[in-house]
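Let the hints inform the model, and build the full structure from the sequences given.
Same order as they appear, the protein sequences are chains A and B. Quick note on this note's numbering: the first sequence kicks off at 1 and runs consecutively. Quick note on this note's numbering: the second sequence kicks off at 1001 and runs consecutively.
Treat each hint with caution, since some may be false.
Listed below are the simulated EDC-like cross-link pairs for lysine to aspartate or glutamate, each with C-alpha atoms no more than 16 Å apart in a straight line [stated by the list, open to error]: (1) B:K1045 x B:E1012; (2) A:K116 x B:D1119; (3) B:K1112 x A:E123; (4) B:K1105 x A:E120.
These aren't lab readings, by the way, just hints derived from the structure by calculation.
For reference, the chains in residue letters:
There are 2 protein chains.
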Amino acid sequence: MSTAKPTKKELEILHVLWEKGPCSVKNVHEQMGGDQNNGYTTILKFLQIMLEKGIVSRQKSGKLHLYKAIANKENTKQQMVDKIIDTVFEGSASQLVISALGNNKSSKEELKAIRKYLDELEEGKQ
Amino acid sequence: MSTAKPTKKELEILHVLWEKGPCSVKNVHEQMGGDQNNGYTTILKFLQIMLEKGIVSRQKSGKLHLYKAIANKENTKQQMVDKIIDTVFEGSASQLVISALGNNKSSKEELKAIRKYLDELEEGKQ
DNA sequence: AACTACATACGAAATATTTCGTACAAATAG
DNA sequence: CTATTTGTACGAAATATTTCGTATGTAGTT
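In C-alpha cells:
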C-alpha cells in the first residue's frame, strides 16, 4: 500500500525532516552532526535515493533543493510497530506492550497515560 | 554485552529454535516451509554463520548437528523492543504502547491482559 | 566395491545498504 | 576573467545480508 519501510539510515534522516520540516541537504547534514558522522554527499545520495523510492519529495528554492518527508511520523511508526508485532511477537500486540513495559523504566505518569488510553479504547468498543 | 542483533532471516530461524528446541538443519528447513521458501544449504549456511556470531550453539548427535538458540526469546525480544523505543519513539515506551494498540486490532481479552499487567507493575512500584 | 541417502564445509554469486570521490553547474568575490 | 564557494549528479567502492552450487564425508544397501 504505502511507502516501503525505511532503512536504518533513512529513518535517521526522516527524523530530521519530521522535526525540522523541509530541509536542504546541508540542513540535514548539520542536524545529523556534520562531517563527524556522515559525509555531505552521503546525505545527498540518501536524499536522492529516498526521492526515487518516494519517501521524500523535493522542491527548488533558489539554487538549492528542499526535501520534505512524504509519509508522516505517525503512520510510519505505526507501520514499523505493526511489522514488529508481526515478525517478533507473532501478531500479539499485548505481548509487545508487556515487553515494552518490561524494562521497568516507565514512570508512573507514563503508566497512567497508558491506562487512560486503554479506557478510551474500551469505551470505543462498546 | 549480549548477542548482536539478529537479522531478519536469523530471527526467523531463531523463532523455530525457540519454538522447537534444539533442531537439526533439516528440522529447521522443514519448519520454515522446505524448499518452497529456502534452499537446504541456505539454512545450513545461516546456522553456520549464526554459530560463528555466537547466536546459536551446536552439539553432535549421531552424525548430525543439533543447533540451539543461545539467547532466549524474552531477552531478544526485549532488546529489539528497547531498540525500537530508542530509535523510533525517542525513548518513550508509552508512545510505543499507544502506537501498538493504535491499529485497533487487539481483542478485549488482550486489553484485559494489559490492564492486569499494569496493575502488577504499579503494585511493584509502591 | 559401487550406489545411495543424508550430512557438513566452503566459496562465491546476487542483492541491499552505506559511503564517498569526482565531475559538473551556477553564482559570487577578487 | 579567474578563483572560490555552494550546490547537484553520477558512478563506484565497501560492507552486510541472503542464496545456493559444488565438493566432500560417512553410513548403510545391494
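Problem set entry | Pair hint K1105 of chain B and E120 of chain A, alpha-carbon separation not exceeding 16 Å | holds, 15 Å
Exercise. Hey, K116 of chain A versus D1119 of chain B, does the alpha-carbon distance stay inside 16 Å?
Worked result: holds, 13 Å
Problem set entry | 16 Å limit on alpha-carbon distance, applied to hinted pair K1045 of chain B and E1012 of chain B | holds, 14 Å
Problem set entry | 16 Å limit on alpha-carbon distance, applied to hinted pair K1112 of chain B and E123 of chain A | holds, 13 Å
The earlier numbered hints are all upheld by this structure, with none contradicted.
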